[in-house]
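Trainee: All chains should be modelled from the sequences, with the hints used to inform the complete structure.
In this text, residue positions in the sequence shown follow the working numbering: the first is 12, and each later residue adds one.
Incorrect hints may have been included.
No farther apart than 30 Å at their CA atoms in a straight line, the calculated lysine-lysine pairs in the DSSO-like style are these [as the list claims (entries may be wrong)]: (1) Lys37 x Lys79; (2) Lys20 x Lys37; (3) Lys20 x Lys39; (4) Lys79 x Lys39.
The calculated label-pair distances, taken between Cβ atoms and stated as ranges, are [said to hold, decoys possible]: (5) Asp57 x Ile122: 33 to 41 Å; (6) Asp57 x Gln34: 44 to 52 Å; (7) Ala55 x Gln90: 12 to 20 Å; (8) Arg126 x Gln70: 31 to 39 Å; (9) Ala117 x Asn58: 17 to 25 Å.
These aren't lab readings, by the way, just hints derived from the structure by calculation. Note that the structure is a prediction, hence the values are computed from the model and not measured. We put the CB at the ideal spot given by N, CA and C, even for glycine.
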Amino acid sequence: MYDTIFIEKLTVFATIGVYDWEQQIKQKLVFDLEMAWNSQRAAAEDNVAYCLNYAEVSQFIIDYVEAKPFLLIETVAYQVAEQLQQRFAIPWLRLKLSKPGAVAQAATVGIVVERGQR
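Mentor: Here it is as structure tokens:
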């Protein structure tokens, strides 16, 4: 039985974009994640050792995205989703990645990727 662990509005400043000027600045990316996790043992034993550590997940995303430049948000979303599943043994996740300000007339644009099985 899986529960859903979530992280909302995790903000990362990244070098991202297809235009030359975008590669010279940091731009805001916003992550919203839902991750399947069996929390039954953690809840029964009241033991954090059996939880999905959302602080570690958050810090991993920040470090990964800030470490290198990207052209596309699609690349960021695909790579982060893959890395999270591998590093944290997450069986299913839904990752929404937004790039506010990318289109002047829109509050934000982005991509949603879903990986794995519940």
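Trainee: Next, verify each hint and record whether it holds.
Mentor: Structure-based check of all given hints:
The straight-line distance between the Cα atoms of Lys37 and Lys79 is roughly 11 Å, inside the 30 Å bound, and the hint therefore holds. About 17 Å separates the Cα atoms of Lys20 and Lys37, which keeps this hinted pair within 30 Å; it holds. Proximity of Lys20 to Lys39 is assessed by CA-CA distance (about 11 Å); at most 30 Å being required, the pair is judged to hold. As the CA atoms of Lys79 and Lys39 are separated by approximately 14 Å, the hinted pair is consistent with the 30 Å bound.
For Asp57 paired with Ile122, a C-beta distance near 37 Å keeps the hint of 33 to 41 Å intact. Hint check: Asp57 to Gln34, Cβ distance near 48 Å, so the stated range 44 to 52 Å holds. Between Ala55 and Gln90 the Cβ separation comes to about 35 Å, which falls outside the hinted range of 12 to 20 Å. Between Arg126 and Gln70 the CB atoms are about 20 Å apart, so this pair departs from the stated range of 31 to 39 Å.
At roughly 44 Å, the beta carbons of Ala117 and Asn58 sit outside the given window of 17 to 25 Å.
Checked against the numbered hints given earlier, this structure breaks hints 7, 8, 9; the rest are met.
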